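Q: Given the sequences, and given the hints that come with them, work out the whole structure.
Note that the protein sequences, when read in sequence, are chains F and S. Position 264 of the first sequence, counted from 1, bears residue number 264 in this note's numbering, the numbering being contiguous throughout. Position 147 of the second sequence, counted from 1, bears residue number 147 in this note's numbering, the numbering being contiguous throughout.
Incorrect hints may have been included.
To be verified - Some but not every residue of chain F turned toward chain S, in silico, with C-beta under 10 Å:
#: 1; residue: His104
#: 2; residue: Asn108
#: 3; residue: Asp111
#: 4; residue: Glu239
#: 5; residue: Asp324
#: 6; residue: Asn350
#: 7; residue: Gly441
Everything labelled a hint here was simulated from the structure, so no lab data went into it. All figures in this text were calculated on a predicted structure; none of them were measured in a lab. Glycine included, every Cβ here is placed at the ideal spot set by N, Cα and C.
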Amino acid sequence: MLGNKALARGLYEAGVSVVSSYPGTPSTEVTEEIAKYDEVYCEWAPNEKVAMEVAFGASLAGKRSFCAMKHVGLNVAADPLFTCSYTGVNGGMVICVADDPGMHSSQNEQDSRHHAVASKVPMLEPSDSEEAYRFAKKAFEISEEYDTPVIIKMCTRIAHSQSVVETSERKEPEQKPYIKNIAKYVMMPAYAIKRHPVVEERMNKLKDLAEDGEFNRIEKGDKSLGIITSSTCYQYAKEVFGDKACILKLGMVNPLPEKLILDFAASVDKLVIIEELDPVIENHCKQLGLEVSGKDIFPVEGEFSQNLIAQKLGVKEPTFTSLDETMPVRPPVMCAGCPHRGLFYVLSKNKCTVLGDIGCYTLGAVAPLSAMEMTLCMGASISSIHGFNKALGEESEGKTVAVIGDSTFMHSGMTGLANIAYNQSNSTVIILDNSITGMTGHQQNPTTGYNIKGDPAGKIDLEALCKAMGFNRIAVVDPYDLAECDRVLKEELKAKEPSVIISRRPCALLKYVKHNPPLKADEKNCTGCKSCMRLGCPAISIKNKKAVIDNTLCVGCGVCMQLCKFDALKLQEVK
Amino acid sequence: MTKNIMIVGVGGQGTLLASKILGQLMLSEGYDVKVSEVHGMSQRGGSVVTYVRFGEKVYSPIIDKGEADFIIAFEQLEAARYVEYLKADGRIITNTQQIDPMPVITGAAEYPENLIESMKNKGINVDAFDCLALANEAGSSKAVNIVLMGRVSKYFDIPVEKWEKAVEECVPAKFLELNKKAFKLGRG
Chain F
1 MLGNKALARG LYEAGVSVVS SYPGTPSTEV TEEIAKYDEV YCEWAPNEKV
51 AMEVAFGASL AGKRSFCAMK HVGLNVAADP LFTCSYTGVN GGMVICVADD
101 PGMHSSQNEQ DSRHHAVASK VPMLEPSDSE EAYRFAKKAF EISEEYDTPV
151 IIKMCTRIAH SQSVVETSER KEPEQKPYIK NIAKYVMMPA YAIKRHPVVE
201 ERMNKLKDLA EDGEFNRIEK GDKSLGIITS STCYQYAKEV FGDKACILKL
251 GMVNPLPEKL ILDFAASVDK LVIIEELDPV IENHCKQLGL EVSGKDIFPV
301 EGEFSQNLIA QKLGVKEPTF TSLDETMPVR PPVMCAGCPH RGLFYVLSKN
351 KCTVLGDIGC YTLGAVAPLS AMEMTLCMGA SISSIHGFNK ALGEESEGKT
401 VAVIGDSTFM HSGMTGLANI AYNQSNSTVI ILDNSITGMT GHQQNPTTGY
451 NIKGDPAGKI DLEALCKAMG FNRIAVVDPY DLAECDRVLK EELKAKEPSV
501 IISRRPCALL KYVKHNPPLK ADEKNCTGCK SCMRLGCPAI SIKNKKAVID
551 NTLCVGCGVC MQLCKFDALK LQEVK
Chain S
1 MTKNIMIVGV GGQGTLLASK ILGQLMLSEG YDVKVSEVHG MSQRGGSVVT
51 YVRFGEKVYS PIIDKGEADF IIAFEQLEAA RYVEYLKADG RIITNTQQID
101 PMPVITGAAE YPENLIESMK NKGINVDAFD CLALANEAGS SKAVNIVLMG
151 RVSKYFDIPV EKWEKAVEEC VPAKFLELNK KAFKLGRG
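A: The following block contains the structure:
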């Protein structure tokens with residue numbers, strides 16, 4: 001069972017009632033799996049802050065609640081997190097955060113354990129699917145017993161690895177009534193001051209839980225080496241050492257135990273901390289006065305592996321054969337027929353400065369389009385273009401655009417747009433509306449008209465929303481129509497007021513999208529001018545100086561046809 | 001002893017289905033199994049890797065350099081890219097299909113020639129064949145993954161019926177006949 005699915009199963013069996021999340025790799029499948037259980041109310045929220053507050057509200061009402069997000073999502077939700085640590089919970093509240101060491105699909109590789117430490121919230125860290133399942137159930141018990149939200153920290157290798165899990169049945173928890181309690185739940189200074197000592201006391205009590213072995217265990221082995229580790233690093237260490245080292249395996253990483261670590265340290269000759277990203281466990285050990293090895297030998301960056309651990313600790317690694325050839329890299333690309341491609345081609349052709357955002361369209365930065373110059377975090381395109389234009393004025397206004405997807409716009413683009421409307425910069429914002437949250441694998445969002453289960457839901461009208469904010473210039477274009485995109489872009493850049501262009505066409509991978517037959521390349525007409533190659537479409541290549549279409553990839557979108565001056569790319573009749 | 005199978009290919013080629021079938025099969029054989037995959041950004045036509053490990057007790061979810069007993073490659077260049085992950089006596093089973101990566105399409109790089117020969121010259125066990133042709137013969141270019149599974153099944157001492165059952169459990173019912181044919185063609 002996939003780690004994320006196992007976590008979902010554990011939550012379900014523990015009687016979770018309300019789930020609200022925003023998708024983010026590698027956390028997305030937890031919520032998608034829970035949505036399959038009819039006993040649970042489950043939704044996609046517009047962003048992680050909203051999701052966590054929904055979960056908090058359900059907890060306040062007395063139900064067991066849950067929200068999931070990726071590591072950077074927890075930054076967005078940090079505001080409610082830090083203060084619901086003070087209020088505590090009524091029904092159990094569990095938060096899943098999934099880190100992405102190695103940045104398989106993220107813009108940074110921050111270590112979420114810092115959030116747990118800073119917000120004074122307990123954090124459990126499973127090391128395989130079975131633990132994800134078991135910890136999910138335990139997390140609700142801890143949450144209710146200690147009156148605190150509980151974070152479960154996943155990472156790519158735990159979230160997206162499958163291992164064996166034995167499941168059981170759902171048990172409905174005892175119903176807790178909602179009881180008005182102003183001093184506990186209204187966090188204004190007078191009440192919050194009284195809650196802070198409660199938080200400190202709670203963390204002290206939780207330390208006892210960290211000491212006594214339910215989550216943290218010692219695996220005996222050769223005493224010449226002691227390893228303290230958690231998560232996927234535990235698995236790598238076991239792979240390398242088996243029982244040739246003593247291992248203190250941590251399943252609770254906040255708070256960290258003290259006596260357990262000191263006793264363990266005393267029982268071994270040498271102590272090594274193996275943890276990905278930052279030296280959280282290592283610094284804790286050093287504070288306890290222990291002499292340990294950690295980031296002096298292991299990197300702070302990237303993912304670990306069994307060979308890395310073997311190499312750093314002087315164990316022989318396996319040998320292998322290498323080839324002499326240099327292999328060209330194979331980076332991810334926009335799919336054939338991707339509606340973003342046409343728009344980015346037009347931006348590239350007009351030599352626009354493009355401030356980008358987070359989504360599939362971030363691939364617009366890659367050659368040959370190379371039409372994106374900035375990507376920071378969710379929503380930053382719109383807020384940043386305002387700052388960029390305020391700083392440069394007319395120098396940038398006529399050639400700079402912000403591009404943002406529909407889901408990212410709902411997530412945190414709206415507030416940036418409100419700032420443009422309010423503080424009036426002459427900015428051009430392009431919303432790439434492909435009618436889905438694409439990069440994370442097709443999740444619905446507030447603009448699509450469907451909910452997580454695929455049933456009809458409320459639908460936010462982007463044009464009406466922008467109009468209500470006070471934008472006079474709102475244009476809608478089809479990104480497959482290059483001439484029209486070019487005309488509208490030029491017009492809106494020229495305009496002396498803020499404008500929004502909505503580039504609308506559904507993602508080519510959506511099941512309901514009908515495709516044309518693949519285009520046919522006419523060898524006689526093709527001069528080998530390579531104009532079509534400027535699109536960076538994976539379905540077109542040049543063989544023997546002529547354009548060739550890959551029939552298994554081409555969806556007949558016809559964008560390349562519009563670039564061919566020699567009528568060498570042709571639509572085929574629908575049979 | 002833990003056995004390691006790496007599945008490599010291009011995002012969108014159906015590598016995840018292959019790992020699902022292998023995982024299911026090894027589980028039904030009574031092994032402890034770990035399957036590890038990566039979702040998200042890398043799936044968009046990029047190089048994708050899935051690890052399948054099985055044995056009495058499996059710890060690490062990933063396979064490292066010099067550890068793979070088998071590399072199942074959906075594309076030549078991807079087979080060559082991960083050669084270093086192969087054990088000294090391991091085997092590469094690869095589709096001979098070539099899919100140009102974007103740097104080759106744009107002319108920034110060249111697709112290396114004679115990769116399969118190069119691998120063989122280094123003493124690597126390579127079983128290379130045209131899966132795409134066999135998949136098309138079975139009725140769909142998308143059946144490349146099942147053709148490969150057919151070929152892989154020859155190297156395991158597991159009855160063919162069990163392989164067929166695992167395929168049946170993992171593919172949609174309406175494509176079952178097509179996939180059964182693809183499996184048979186792959187197994188040869």
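Q: With reference to the structure, classify each hint as holding or not holding.
A: Here's how the hints hold up against the structure:
Hint status for His104 of chain F: holds, given a least beta-carbon distance of 5 Å to chain S, under 10 Å. The interface hint given for Asn108 of chain F is violated, since its Cβ lies 14 Å from the closest Cβ of chain S, which is over the 10 Å cut-off. Using the Cβ-Cβ criterion of 10 Å, the hint placing Asp111 of chain F at the interface with chain S is not satisfied: the shortest such distance is roughly 19 Å. The beta carbon of Glu239 of chain F comes within 4 Å of a beta carbon in chain S, closer than 10 Å, and the hint placing it at the interface holds.
About 7 Å separates the beta-carbon of Asp324 of chain F from the nearest beta-carbon of chain S, less than 10 Å, and the hint is met. Residue-level restraint check for Asn350 of chain F is violated (minimum Cβ-Cβ distance to chain S is 20 Å; threshold 10 Å). At its closest, the beta carbon of Gly441 of chain F sits 7 Å from a beta carbon of chain S; the interface hint therefore holds under the 10 Å criterion.
In this structure, the hints that do not hold are numbers 2, 3 and 6, in rising order.
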